[in-house]
Amino acid sequence: MAQVTTTQQGAQYRRSTIWEWITTVDHKKIGILYLFTSLFFFLIGGILAMLIRTQLIVPDNTFLGPATYNEVFTMHGTIMIFLAVMPLNAAFFNFLVPLQIGARDVAFPRLNAFSYWAFLFGGLLILSSFLFGAAPNAGWFGYANLTTLTYSPGLNVDFWIFGLQILGIASVASALNFFVTIINMRAPGMRMMRMPVFTWMTLVTSVLLMLAIPSLTIGLVELTFDRYFGTLFFEPSAGASVVLWQHLFWIFGHPEVYIMVLPPFGMISEILPTFSRKPLFGYPFVVYSGIAIGFLSFGVWAHHMFAVGLGPVANSVFATTTMLIAIPTGVKIFNWLGTLWGGSIVIKTPLLFAAGFIGMFTIGGISGVMHASVPVDYWQTDSYFVVAHFHYVLFGGSLMAILGGIYYWYPKMFGRMLNDKLGQIHFWTVLIAFNMTFFPMHFLGIDGMPRRIYTYPDGMGWNFWNKEESIGAYILGLSMLLFAYNFIKSLRSGEIAPADPWDARTLEWSIPSPPPAYNFAVVPTVTSRDEFWEMKYGSNEQSTAQKTNLNPTAEDERHIHLPPPSYYPLVAAGGLLAMGAGMVMHGDGMAVSWYIFGAGILVLTFGLFGWSFEPNH
Amino acid sequence: MSDLSQASQAAHIEEAHATTTGISHNKLLMWAFLASDCMFFGSLIMTFMVYRGKAAGGPRPQDIWDIPYTSVSAAVLLLSSLAIVLALTYLQRGNERAFRIWLVATAGLGLLFLGGQYYEFTTFYHEGLTLHSSLFGTTFFVLTGFHGTHVGIGVIWLLSLAWMSKRGKIPAIRAEMPEIVALYWHFVDIVWIIIFAVVYLIPYKP
Chain A
1 MAQVTTTQQG AQYRRSTIWE WITTVDHKKI GILYLFTSLF FFLIGGILAM
51 LIRTQLIVPD NTFLGPATYN EVFTMHGTIM IFLAVMPLNA AFFNFLVPLQ
101 IGARDVAFPR LNAFSYWAFL FGGLLILSSF LFGAAPNAGW FGYANLTTLT
151 YSPGLNVDFW IFGLQILGIA SVASALNFFV TIINMRAPGM RMMRMPVFTW
201 MTLVTSVLLM LAIPSLTIGL VELTFDRYFG TLFFEPSAGA SVVLWQHLFW
251 IFGHPEVYIM VLPPFGMISE ILPTFSRKPL FGYPFVVYSG IAIGFLSFGV
301 WAHHMFAVGL GPVANSVFAT TTMLIAIPTG VKIFNWLGTL WGGSIVIKTP
351 LLFAAGFIGM FTIGGISGVM HASVPVDYWQ TDSYFVVAHF HYVLFGGSLM
401 AILGGIYYWY PKMFGRMLND KLGQIHFWTV LIAFNMTFFP MHFLGIDGMP
451 RRIYTYPDGM GWNFWNKEES IGAYILGLSM LLFAYNFIKS LRSGEIAPAD
501 PWDARTLEWS IPSPPPAYNF AVVPTVTSRD EFWEMKYGSN EQSTAQKTNL
551 NPTAEDERHI HLPPPSYYPL VAAGGLLAMG AGMVMHGDGM AVSWYIFGAG
601 ILVLTFGLFG WSFEPNH
Chain B
1 MSDLSQASQA AHIEEAHATT TGISHNKLLM WAFLASDCMF FGSLIMTFMV
51 YRGKAAGGPR PQDIWDIPYT SVSAAVLLLS SLAIVLALTY LQRGNERAFR
101 IWLVATAGLG LLFLGGQYYE FTTFYHEGLT LHSSLFGTTF FVLTGFHGTH
151 VGIGVIWLLS LAWMSKRGKI PAIRAEMPEI VALYWHFVDI VWIIIFAVVY
201 LIPYKP
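Those sequence lines, one after another, are chains A and B. The numbering used here applies: residue 1 is where the first sequence begins, and numbers increase by one. The numbering used here applies: residue 1 is where the second sequence begins, and numbers increase by one.
Derived by calculation from the structure, the hints in this document are not laboratory data. Please read these numbers as outputs of a predicted model, since none were measured by experiment. Glycine included, each C-beta is placed from N, C-alpha and C at the ideal position. A hint or two may mislead.
Straight-line C-alpha distance at most 20 Å; calculated EDC-like pairs for lysine to aspartate or glutamate [claimed, not checked]:
1) A/K278 to A/D105
2) A/K348 to A/E495
3) B/K54 to A/E235
4) A/K467 to A/D60
5) B/K166 to A/E614
6) B/K27 to A/D105
7) A/K29 to A/D105
Which residues of chain B face chain A? A few of them, derived with a C-beta cut under 10 Å, are [as the list claims (entries may be wrong)]:
8) T138
9) V142
10) F146
Just chain A, same shape as in the assembly (with noise of 0.2 Å):
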């Protein structure tokens, strides 16, 4: 479908297919390459994960030794968070708003590729972390003046910021692309309160990561003065505060949360209507849900601070906050029972993994609780406990919703369908692995068990629990593995997916799998929230529009435009990645690392004003 288009500018060639995923600035495409990209980080940050369990299968192992294991847990928390979680949402996004609403492209398709290429180099500097045998090991959160030069002065945590910073940029230019794109790309009649909660959780999310990664990226600024050029921010000899860092990390660690869990709970509300046969149980409710949990998000930072000594009332006032957060949440786990409740229900692997996220979202949300009371954090902070509430929100929570969002969508993004036996097998070991290895850890850290510390006594009495949590956790690995084998092999040879494969209610599906370039030869117009559901089985007749989408000529064809493909957002990319390396080589005090900082600079320009001046966008 593309030729169409570049017969139509008058300029037909031919390009490589390696060529046309490099310059393409089709959302789809765009979005495919996140879910390979972030699922191959997901690979790394899981064998990492096996790692760890290995370590502490038994007591006084020295499988890894403390520094090794300092490296190990830091890098399996950043992989899962920045190159696994997020981009895996954000490969959604990219796939779905534009069919959702409607649209043929986002709106700012080349940023949309800059984003993914600024992704792929900033979780590549991170990673190669490892050839200099440098990897990041002041934790995820890199509290500092942990990471100051005196406390850390190897390329580890350079590492970390400069991967982090080029992250943070293609986090903040894809969410400002989502916003513009929800904002001011839908179809006709697709009011807000019609759109799909996937799109409204998106749209919450991007207004999230705009206001939350600056809050980062400052911390991180500062913390590259401290260390690179003598400033005296985290510098408590000077007078500095020792939690400043932590209130910049937590502001913006905080909302990171929902901007992972949120995404995942839009998902969620897309797979059960559909496997249930009816509409969504207060679609509302869940709308304005997701929107205060959005905005109460940026007042909770602190609860991840409980112990510093913030005094009493800080520490009440976040607690309450805290708790006030916990029951939109709980608004929206009623509104997925209820939408179950009486459906006609289909199960199938999508609607298993949702219903184990409701599951284990909601045991992970009550610890969630249980922690925001100040007392009781004082007990369970930095132990085992806190790693299993965080596990049952992203693990349980997001990632159960992302898969069962992978095995509902990948039809409409390959034009096959999974293998629905291995999914419900799939789906059946991940619930009971994953219980297997987590849910032990609440014993544990009430026990007593600190988290990161690489390895414990004998005569603990924590030598059964970690033995079975390891044993899990291979199991969930293995468990992983069949799914990668069903992903890849349906690749090829999976059942070909018609364009309504389970018979769902939103636009995406009103179109053939995979969709063509332009995704809707005629735009729609809408008139109802699950608006394909009313076409199908409304009082209107299907329209013709509908018709002509899922059949489109030649002549329907002819008169759509769509951006030309670009290289500039990979050149302007490129530029960063060069800024990043040239910083993190002058941390390790390389003559050269300006010129290659400063030749970034100029790539970064070249790219930006090429495309600027790029013909016809």
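We have chain A; now place chain B onto it with these hints.
What follows is chain B alone, placed relative to chain A:
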């Protein structure tokens, strides 16, 4: 491709891309970016406030301030907001030459402000205030430097725009771009009002 056909094609694209809100994508992007930028500045201003007055190890703010000098410099920056408003007015009236003159004037005032900042920085440096003399030095240079970088980017953007206008590219393809640059420019000026008040004007404890 001639300018005229480019213009008509651009108009055609513009038509095809009618937006839901009626606000163009570019302008909405700028508004959203400015919201995000508020948080960048907010984080730095918060850091400055946390450390306000911690000058041990170097000169105190009240010893080195030259408030009249900085006030003139602030007035120069604020006048540049007037200049860009005039530029936009002339553009709307179709007087592109006057538009360019005022655009360059805006950039000139921005550069004058940056020159003033450079002079101030070097003066303070010679009086012993450096990035690592005290927390006051650290936070002062990084906050005002971050703002100065914003002004610098704005100047480059304004001059690019003037150059594009000279080559006759503005009315056709990016009729709205000057307005968007102006949004950015006004924002940077408003931030300076806040920084000027927070950093310079609110008295320090003796």
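Hint by hint, which ones does this structure get wrong, listed from lowest number up?
-> Of the numbered hints, just 1 does not hold.
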